[in-house]
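Enquirer: Following the hints, put chain B in place on chain A, whose structure we already have.
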Amino acid sequence: MIAASPSALRTGVIASLGLAILCVLSLFVGVSPLSPGRVLSDTEALQLLLVSRLPRTLAALLAGAGLAIAGLIMQTLSRNRFVEPATAGTAQSAELGILVVTLLLPGAALWAKTLVAGIAALAGTSVFLFTAHRLPPTQPFLVPLFGIVYGGVVGAAATFIAWQADLLQFLSIWTNGDFSGVLRGRYELLWITALMVAVAWFVADRLTIMALGREASIGLGIDYARMMRIGLVLVSLITALSVVVVGMIPFVGLAVPNIVSRLKGDNVRGTLGWVAAGGAGLVLACDIVGRLIRYPYEIPVGTVMGVVGAALFLWLLFRRGSHG
Amino acid sequence: MNFPRFLPAFAALVLSALSASAMDVSTARGTVSVEGVPKTIAVYDAAAIDTLNRLGIHPAGVPDKLYVPELEAAKGNATAVGTLFEPDLEALSALAPDLVIVGSRSAAKAEVTARIAPTLDMTIDGDNLFADAKVRLATYGDLFGKAEEAKAAAEELDAKLAAAKAAVAGKGKALIVMTNGPKVSAYGPGSRFGWVHGVLGLPPAMEDIQSATHGEAVSFEFIREANPDWLLVLDRAVAVASSEQAAKVTLDNELVAGTTAWKKGQIVYLPAAEFYIADGGVQSLGRVLAAITDGFSAAK
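Chains as they are written, first to last, in this note's numbering: chain A, 1 to 324; chain B, 1001 to 1300.
Chain A extracted, bound-state conformation:
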């Protein structure tokens, strides 16, 4: 256990306050005018809050936390800092799964689509991880490079099928992360993400040991193959859920775990909460920005995150690490 020092406690309080402020902002930013006072007095305002604003805020928190955790797990399992679901074929595989189920079973329910997308993501991520482990560990940049090429190949297959079936625009609109369609009754599947995060917390210590490599973790008594499977299922399900419900949001899984690791080190149990909160806050902030830039129209959160995330990532690359 890491003892909570006064300074750690202070950052904790500041971070929770920041997240709380973002949540309140998210609840009261939107096309329809809504103020805290009116919610208490006006039933219509309360209904708007419950039907539209609260689900949207929760969806952003869940998707952000989930994707950041998925990135953390992927980085731990592949022992490489520069991979995340959006760059290593997981999201593209989920997309391919959705496309196939859309073509073959157009009337399928959302949960069935999620299941197919999840299985596709699982298959895609397994291929990535098992190949990544064969790459020489002395060349750390080979893993992300392979991930980008591999993701590109899977994405190209999806694009080709979509093009053949006249679904190209549909695919691009659907898979670009966007919370504008989130309403009560249309995001609840994302709660499974919270469950996945809980499982990740449960196996956190074993994940930390996994980062030491196969031999070391087997030597320390870890069932390596089983842990790998658990990690894969977590990453694939979280990614598939967010792709199906809100679309792809890039960079969250890459930037957040890296920043937290700089500040807090690599103990998964110690950083898990920070990564989840960081991802949730980042996605929520980007969604609020997307709602405001062209008010009353929307900029999809995937687009905002593309810009913000790229800036964060460049900052990470050019700034010398202060930790470790």
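Possibly wrong hints are sitting among the right ones.
Here are the simulated DMTMM-like pairs of lysine to aspartate or glutamate, each with C-alpha atoms no more than 20 Å apart in a straight line [to be verified]:
hint	chain 1	residue 1	chain 2	residue 2
1	B	LYS1263	A	GLU44
2	B	LYS1171	B	GLU1155
3	B	LYS1065	A	GLU44
4	B	LYS1173	B	GLU1207
5	B	LYS1264	B	GLU1216
6	B	LYS1165	B	ASP1127
Simulated from the structure, these hints should not be mistaken for lab results.
Expert: For chain B alone, coordinates are given in the frame of chain A:
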């Protein structure tokens, strides 16, 4: 000058000027001169195929997929020469047409097809769609010697417009939305669908929706706040013949249910392919106007 060699050339020139009169055709890129009446034509634009079909002209080459069911049926034994976006140059070459017509989606390929045959860019612009559609109709009538039919078609279209105008008059404000799976965009005056507001005198529920080809991504709260008396809905998934989540499912939620349009059942689903893909074809315009007339007339 070598007189015996000059004479046949001169004679040919005079003859061609007498027999095949060149016609000046106004296109989206200015005036182009076309010699004689084209016989074998290839058309890469659903609106143009639609209008030509009304005039009884059947192109020898058309895209493999036209999306509009009526046009799909009227193809006859035309050769497929590519798609609405991308000409298949080998097939086009084999067809050896006298004239190629491109428009909107295929307009960017005009330079490429021009290497095979004279090409007209007959794109119809969103701002002035209705007026432009009638100009194109008259042009095709003159070009193919069907001026009488073109005149009759224009009159029919005007009659449908008048009926639609009468139907929408005084019935309140409307919002045009396009659904794409679970997401919605809104269109206003000045957009590609803006002609509906302009030509019919149908007041928009939101004045300042900026003109963007693909509309403005909006939330359901936006629709709730606009609170239109009428929702004109285009289901893009239907337009491209995908059976994805229908517009009705997307719109059926607690926020849209609060609008006047939903409460009164004043929702008009526009014929998707006609409105979105063959926009500007005279028969398509006629069917869109008829759908609007029917929808608005049903209101109490």
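Enquirer: So which of those numbered hints doesn't the model satisfy?
Expert: When the structure is compared with the hints, numbers 2, 3, 5 turn out to be violated.
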